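Novice: Okay, here's what each chain looks like letter by letter:
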Amino acid sequence: MNRNRILAVVAAMAIAIPAAAQTASMKLPPYEKVKLGNGMQLILMEKRDVPMIAFHARIAGGAITDPTGKEGTADLAADLLQKGAGSRDALQFSAATDSVGASFGTASAREALVVSGEFLSRDHKLMLELLADALRRPRFEPAELDKLRKRMIDGIAAARENQPDAVIDNYFDAFLFGSHPYGRSATETSLAAVTRDDVTKWYRDNAGADRTILVFVGDFDGKALAKDVKKAFGDWQKAAAPMPKLEAPAMQKGRRVLLVDKPDATQTYFRIGNVGIARKDPDNVAVDLVNTAFGGRFTSMLNSELRIRTGLTYGARCYVLRDTVPGSVAMSSFTKTESTVQAVDLALATLERLHKGAIDEATLSSVKAYVAGQYPPRLETGNQLAAKLAEIEAFNLGRSDVDDYGAKLNAVTGDGAKSVIERVYPKESDLSFVFIGNATAIRDAAKKYGEVTERKITDAGWK
Amino acid sequence: MKRRHFALVAALLVAIPSLSLAAPAAAKPDLASEIRETTLGNGMKVIVWPDRDIPNVAMYIWYRVGSRNERPGITGLSHFFEHMMFNGAKKYGPGEFDRVMEANGGANNAYTSTDVTVYQNWFPKNAMELIFDLEADRIQSLAFDDKIVDSERGVVYSERRLRVDNSNQGLLNEQVQAAAYVAHPYQIPVIGWPSDIEAWSKSDLQNYFRTYYAPNNATMIVVGDVTADDVFALAKKYIEPIPAQAPPEPVRTVEPEQQGERRVTFTKDAQVPLVQIAYHVGTADDPERESLDLLEAILTRGDSSRLHQRLVEQEQIALGVGAFDDPRGFDPGLLWIAMTLSSGADPAKAERILDEELAKITNEGPTEAELRKAKNIQVADFWRNLKTISGKAQALGSNETFQGDWHRLFTAPERYEAVTAEQIKQAAAKVFRTTNRTVGVLMPAAAAPASKEPAR
Numbered sequence: 000m001n002r003n004r005i006l007a008v009v010a011a012m013a014i015a016i017p018a019a020a021q022t023a024s025m026k027l028p029p030y031e032k033v034k035l036g037n038g039m040q041l042i043l044m045e046k047r048d049v050p051m052i053a054f055h056a057r058i059a060g061g062a063i064t065d066p067t068g069k070e071g072t073a074d075l076a077a078d079l080l081q082k083g084a085g086s087r088d089a090l091q092f093s094a095a096t097d098s099v100g101a102s103f104g105t106a107s108a109r110e111a112l113v114v115s116g117e118f119l120s121r122d123h124k125l126m127l128e129l130l131a132d133a134l135r136r137p138r139f140e141p142a143e144l145d146k147l148r149k150r151m152i153d154g155i156a157a158a159r160e161n162q163p164d165a166v167i168d169n170y171f172d173a174f175l176f177g178s179h180p181y182g183r184s185a186t187e188t189s190l191a192a193v194t195r196d197d198v199t200k201w202y203r204d205n206a207g208a209d210r211t212i213l214v215f216v217g218d219f220d221g222k223a224l225a226k227d228v229k230k231a232f233g234d235w236q237k238a239a240a241p242m243p244k245l246e247a248p249a250m251q252k253g254r255r256v257l258l259v260d261k262p263d264a265t266q267t268y269f270r271i272g273n274v275g276i277a278r279k280d281p282d283n284v285a286v287d288l289v290n291t292a293f294g295g296r297f298t299s300m301l302n303s304e305l306r307i308r309t310g311l312t313y314g315a316r317c318y319v320l321r322d323t324v325p326g327s328v329a330m331s332s333f334t335k336t337e338s339t340v341q342a343v344d345l346a347l348a349t350l351e352r353l354h355k356g357a358i359d360e361a362t363l364s365s366v367k368a369y370v371a372g373q374y375p376p377r378l379e380t381g382n383q384l385a386a387k388l389a390e391i392e393a394f395n396l397g398r399s400d401v402d403d404y405g406a407k408l409n410a411v412t413g414d415g416a417k418s419v420i421e422r423v424y425p426k427e428s429d430l431s432f433v434f435i436g437n438a439t440a441i442r443d444a445a446k447k448y449g450e451v452t453e454r455k456i457t458d459a460g461w462k
Numbered sequence: 000m001k002r003r004h005f006a007l008v009a010a011l012l013v014a015i016p017s018l019s020l021a022a023p024a025a026a027k028p029d030l031a032s033e034i035r036e037t038t039l040g041n042g043m044k045v046i047v048w049p050d051r052d053i054p055n056v057a058m059y060i061w062y063r064v065g066s067r068n069e070r071p072g073i074t075g076l077s078h079f080f081e082h083m084m085f086n087g088a089k090k091y092g093p094g095e096f097d098r099v100m101e102a103n104g105g106a107n108n109a110y111t112s113t114d115v116t117v118y119q120n121w122f123p124k125n126a127m128e129l130i131f132d133l134e135a136d137r138i139q140s141l142a143f144d145d146k147i148v149d150s151e152r153g154v155v156y157s158e159r160r161l162r163v164d165n166s167n168q169g170l171l172n173e174q175v176q177a178a179a180y181v182a183h184p185y186q187i188p189v190i191g192w193p194s195d196i197e198a199w200s201k202s203d204l205q206n207y208f209r210t211y212y213a214p215n216n217a218t219m220i221v222v223g224d225v226t227a228d229d230v231f232a233l234a235k236k237y238i239e240p241i242p243a244q245a246p247p248e249p250v251r252t253v254e255p256e257q258q259g260e261r262r263v264t265f266t267k268d269a270q271v272p273l274v275q276i277a278y279h280v281g282t283a284d285d286p287e288r289e290s291l292d293l294l295e296a297i298l299t300r301g302d303s304s305r306l307h308q309r310l311v312e313q314e315q316i317a318l319g320v321g322a323f324d325d326p327r328g329f330d331p332g333l334l335w336i337a338m339t340l341s342s343g344a345d346p347a348k349a350e351r352i353l354d355e356e357l358a359k360i361t362n363e364g365p366t367e368a369e370l371r372k373a374k375n376i377q378v379a380d381f382w383r384n385l386k387t388i389s390g391k392a393q394a395l396g397s398n399e400t401f402q403g404d405w406h407r408l409f410t411a412p413e414r415y416e417a418v419t420a421e422q423i424k425q426a427a428a429k430v431f432r433t434t435n436r437t438v439g440v441l442m443p444a445a446a447a448p449a450s451k452e453p454a455r
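Keeping their order, the protein sequence lines are chains A and B. Residue numbers are given in numbering that gives the first Met the number 0: position 169 of the first sequence equals residue 168, and the series is strictly consecutive. Residue numbers are given in numbering that gives the first Met the number 0: position 48 of the second sequence equals residue 47, and the series is strictly consecutive.
These are computed hints drawn from the structure, not numbers from a lab. Any given hint could be a false lead.
Stretch by stretch, here's where chain A covers chain B in the computed footprint (C-beta under 8 Å, at least three residues) [claimed, not checked]:
| no. | segment |
| --- | --- |
| 1 | 45-58 |
| 2 | 94-107 |
| 3 | 150-164 |
| 4 | 172-185 |
| 5 | 229-236 |
| 6 | 262-273 |
| 7 | 385-393 |
Below, in silico cross-link-like pairs of lysine to any residue (SDA-like), each with a Cα-Cα straight-line distance of 25 Å or less [stated by the list, open to error]:
| no. | chain 1 | residue 1 | chain 2 | residue 2 |
| --- | --- | --- | --- | --- |
| 8 | A | 149 | A | 106 |
| 9 | B | 267 | A | 98 |
| 10 | A | 124 | A | 383 |
| 11 | B | 424 | B | 380 |
| 12 | B | 359 | A | 90 |
| 13 | A | 26 | B | 53 |
| 14 | A | 26 | B | 125 |
| 15 | B | 359 | A | 98 |
| 16 | B | 267 | A | 260 |
| 17 | B | 424 | A | 90 |
| 18 | A | 149 | B | 314 |
| 19 | A | 335 | B | 403 |
| 20 | B | 44 | B | 231 |
| 21 | B | 424 | B | 371 |
| 22 | A | 46 | B | 224 |
| 23 | B | 235 | B | 380 |
Derived contacts from chain A toward chain B, CB cut-off under 8 Å, selection only [to be verified]:
| no. | residue |
| --- | --- |
| 24 | 96 |
| 25 | 263 |
| 26 | 335 |
| 27 | 365 |
It should be emphasised that the depicted structure is a prediction, and the values quoted were computed from it without experimental measurement. Where is the CB? At the ideal position from N, CA and C, for every residue including glycine.
In isolation and in its complexed conformation, chain B is listed as follows:
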């Protein structure tokens, strides 16, 4: 279902905020020249990128709140709150936000991650003032109805069953992330623990609304068939009167250095073993990010990548292998390597082969051809992300939020182009340490791995 994803899916979108403009032949000089920004009196920044390819508009509102702002008892509340943002305010009552928007040609969605909650509206340009009215209403005066809270609880629990409880990959992912952090709230699953999903109260939601849903805790991105002046005028009319709030308390806890490898192993009645390994890395704007992005591309992007070649094609021990970053946010996050193994394959052997490959790139670094390939992939990704007004809104918003400045979207080229093979080697050495990782293994209950291993 497309509506209101939580972060497992959304992380993939959030995970590619740094993009490259490196291709000299491909660069279009004035790409950013029409982008304008303003900051409203209440502290909300509004950024506009006019793009007249289609007569539509993408509006993304980024609130700086996610599961990192939660604690035991209210885990999953950020995501639940995201659902409640569609369930009625003062002017537009329950159900009206969606009904009125759709009746005027608009559609919406939202997602919650560990760090942010992002509300997305896509609409024909002539609906823009109405969309501002709808947004202003819910930002200013959201309503909380007990019956709706209970009904929406069922929706979120169903979402949890879909993504976690009935998916071995989802289950393992949740367990590994929880084990990877002993102190920092990144250990909390975005969807929330079942007991908390059952127990949230209306007052929890009201507190959350007051604390985090303030205009000064959000950034608005508007991309599409608009002028900056029109958008700014509507933002002043509808959003600026909403008062600022005291800024939320910062997240103080810093995850201590990991002291030894952690392992999560469980068995299930399954045929397909899974291995997921999470390594601690830095924040989204860590200076080593570009090196890590390139390292991940070399390891897992495309069938010619190192891990695909070794694990899937040569050893045939895995059906697939991927790398991703989650969380990739304000606080130090995780770099994951996830393998779906061939049926009956031995997870311990898959781990050994993976370790060999990681040791190899740590000791020898990438080849020049691999480095060039990884940089070219970044260039192509840059353009891919700018094909749509939604892609542009996502790219601007994530750079503004996580890099501190949307201009970073366009200055990324030097950052990627400047990375050397030696830097990638160093980044690998820093991250791929046994004591820096949490290993998760889902083992088929009835498997006798050694005998069922596929022929080489």
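Chain A with its partners taken away, still in its complex shape:
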């Protein structure tokens, strides 16, 4: 394995590709937007390939509106929506969805509470009834709250033991964002502190027609469904509190390390990064392109180095999380304990290469073809389209977010990519590191990356 081979391959590839010439553009199918008198935004797209209806309700708020010290309130509220609502208790509610083969899920994301799923179209009346009950008439039964809370707390313990890669982002967010709302997530102690009054107050303050975007995509008659939705939601009240204003988090200066000790780990899991960009950043598409080349696809720079060339890991990637204000940009991988330093050094060297212009014209045209070619399957199903329509509405992006995606992609130049790299990807000098691994084996090595803070994986909380 050597660099020559990779270079030779790149040269061969340049000949083999008609590249950007083939980037087909994709247009959103037609859809309708209806604003209800109480401020609720309804969006309908008819799609008849399968006899199903997908729904996606997005209520602005989410984890960032959790009261301090009671992180997880939004998570609990979200999960309780289907644990008893309207005339049904928890069992009756789940029986109603299960018995028609429907899916009905609730989740609290960072900036929104999301209720989504799908029904066979023949069950559209039941769908609307359950959706209106869950959103408007949740019971928040104390016994259900207690059960759910205990399960969530135990679930955190189970994840600490079984999936270091599932908890590492909690540590990383807490370490990177500190007291900013993006740095907060539910902990064993904060969940224990949430009362039923907290949940009901949070829901009254943060759920209501004016915060809600409701999308349906599927096999239905749009006019009839719109009428039914108005009947079910037309008199829903607004949220009692205004949506809190979110400040942009500060970039981290310098280097520092959080080491999470998991004594039985045989490999080290790591995240390395800093604060990146917001969803509405004008370079959003260029960042998609650069990130695909750097850490998004199989032959990305990071995966080529850490997996394909050296066999250090099963996978290495980079992600750029984009919400209302800038989220994290972070490299992510894992490697056996003994090769921790080798893998981390290689990731850092690859980041440096990115800054030094590693994305040449051949890579640029290859990655354009790749992103364009893989775009249509991202909007293939009713659920995918419904989520996309809700995102477009929430961030006020307009349909050009999809319709002009291909054109924006093709317009990215080498210089454009360079300036995005300079602006969005952290400098080597300003990085936060989180390691989960066997601290006895990697404690000394970790010091070379910055000042080390250490904690045990079994300690409650994330910081």
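Take the given structure of chain A and dock chain B to it, following the hints.
Specialist: Below, chain B without anything else, positioned relative to chain A:
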């Protein structure tokens, strides 16, 4: 990581091949009318399902080789071979398969199970001829470079650490499956035992390639914005010239009837106890499959299911409970019930409660409402699986491979609709016997279960 899964994850996909069309109101009459098939001169069958929703194509190639074809010394080789299929052939050298495919807008993945190795390509329709060229190259003349073999060994070992060594659930699963079979190679973990991962040689790979990677040992499924004629023409041009090989030796060993319950118990420094129980069941095309699918749905699908209600909601002894089939293949497989317990809960008590519930459905059968619910879930799953070109390729491929005929995808409705409560009861009685099971328990090292049990 999404690339090249092995079966723990993939089993979930493979596990739902039989689907139902039962909903009379939902059925679309001509669903299968455009599907066409041909068999090339070298024995490879090609099946095409045109679908023009998006300008893309899913191509799945199913090789009938998996860990059941392995033996001590080469455990995990099928999965390792799957990785090597991306590491260079004659025309497209090391790394070029991925680079050329991605540069032309395509993406790929693959998975290995106990029974099959499936290669998946997703690409814009205008890249189709190139994809055929890439596939033909590696099927015909894969290369094996010693340095690459060693590097890829590290990748696979990392995958093993991720899924097994650093996951209590993965560890327990591997131990239970190994104990459930005394003779049949389904005892071999798909990822392979560590000592074999360290020891495979290039000649092992070359033997494997000759034996199993023949066109007559594979089926190609193409779904998307294509015509059958175009696909057949490309298959004739690129794939048909590749010669057939003598068919592989069949797997002869038949697992003898289990003679008594087996148990695997170990302690770890953990808070969350785990219980996994594996019952012997039949092959993927066993006539009792539909009854078992419905039985599993009644027990564990959705919060209203029996086991969720009893263990998670009422007793609050488990955080979650699930049922799945793995292996579900050419030879008799396993039906699993897996519980993640509440911290400090007593695994013995969880087992007792589970036994009570299994005895109840064995003695009384399901209610009519439960039966209706389970059948409706099958109908909805059927449509869910057909929402994407990938879902269609998976569904066609698994029916063709494991049911012997892709048409079975569309004839499933009668099979599910015809199942009676009595048949489910009989299936439960046949499977849920103590002497037919292997029980795995992962016990927290420092736990004193009785005192830490949650209040009722």
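Novice: Indicate, hint by hint, whether the structure satisfies it.
Specialist: How the hints compare with the structure:
Interface restraint, the segment 45-58 of chain B with chain A: holds (4 residues with C-beta to C-beta distance below 8 Å; minimum three). Figure legend: the segment 94-107 of chain B, annotated as covered by chain A; annotation consistent (12 residues with Cβ-Cβ distances under 8 Å, at least 3 required). For the segment 150-164 of chain B, the assignment as covered by chain A holds, since 12 residues bring a beta-carbon within under 8 Å of that chain's beta-carbons and 3 suffice. Coverage of the segment 172-185 of chain B by chain A is violated. Counting CB-CB distances below 8 Å, 0 residues qualify, and the rule asks for three or more.
A count of 0 residues in the segment 229-236 of chain B with a Cβ less than 8 Å from any Cβ of chain A is obtained; the coverage claim is therefore unmet, three being the minimum. Check result for the segment 262-273 of chain B against chain A: holds, 5 residues qualifying (beta carbon to beta carbon below 8 Å, three or more required). Only residues whose C-beta sits within less than 8 Å of a C-beta in chain A count toward coverage, and the segment 385-393 of chain B has 5 of them, enough to reach three; the restraint holds. For the suggested pair residue 149 (chain A) and residue 106 (chain A), the alpha carbons sit about 17 Å apart, so the restraint of at most 25 Å is met.
Our distance criterion of 25 Å between C-alpha atoms is broken by residue 267 (chain B) and residue 98 (chain A), whose separation comes to about 39 Å. Restraint check: the Cα-Cα separation between residue 124 (chain A) and residue 383 (chain A) comes to about 22 Å, which is no more than 25 Å; the hinted pair holds. Our distance criterion of 25 Å between C-alpha atoms is met by residue 424 (chain B) and residue 380 (chain B), whose separation comes to about 23 Å. The hinted pair formed by residue 359 (chain B) and residue 90 (chain A) meets the criterion: a straight-line CA distance of about 20 Å does not exceed 25 Å.
Of the pairs offered as hints, the one joining residue 26 (chain A) and residue 53 (chain B) holds, with about 11 Å between alpha carbons and a cut-off of 25 Å not exceeded. A threshold of 25 Å between alpha carbons decides the hint, and for residue 26 (chain A) with residue 125 (chain B) the separation of about 18 Å falls inside it, so the pair holds. Annotation: proposed proximity of residue 359 (chain B) to residue 98 (chain A) holds, straight-line Cα distance about 21 Å (limit 25 Å). A threshold of 25 Å between alpha carbons decides the hint, and for residue 267 (chain B) with residue 260 (chain A) the separation of about 16 Å falls inside it, so the pair holds.
For a cut-off of 25 Å, the pair hint linking residue 424 (chain B) to residue 90 (chain A) stands: about 24 Å separates their Cα positions. Between the alpha carbons of residue 149 (chain A) and residue 314 (chain B) the distance comes to roughly 13 Å, so the proposed pair stays at or under 25 Å and holds. Distance check on the hinted pair: residue 335 (chain A) and residue 403 (chain B) sit about 42 Å apart at the alpha-carbon level, beyond 25 Å; violated. About 10 Å separates the Cα atoms of residue 44 (chain B) and residue 231 (chain B), which keeps this hinted pair within 25 Å; it holds.
Between the alpha carbons of residue 424 (chain B) and residue 371 (chain B) the distance comes to roughly 15 Å, so the proposed pair stays at or under 25 Å and holds. Note on residue 46 (chain A) and residue 224 (chain B): the hinted pairing holds, with a Cα-Cα distance of about 18 Å set against a maximum of 25 Å. Our distance criterion of 25 Å between C-alpha atoms is broken by residue 235 (chain B) and residue 380 (chain B), whose separation comes to about 35 Å. With a least beta-carbon distance of about 7 Å to chain B, the hint placing residue 96 (chain A) at the interface is held under the 8 Å criterion.
For the restraint placing residue 263 (chain A) at the interface with chain B, the shortest Cβ-Cβ distance is roughly 6 Å, inside the 8 Å limit, so the hint holds. Checking residue 335 (chain A) against chain B: minimum C-beta separation of about 6 Å stays under 8 Å; hint holds. Checking residue 365 (chain A) against chain B: minimum C-beta separation of about 4 Å stays under 8 Å; hint holds.
Violated hints, listed in ascending order, are 4, 5, 9, 19 and 23; each of the other numbered hints is respected by the structure.
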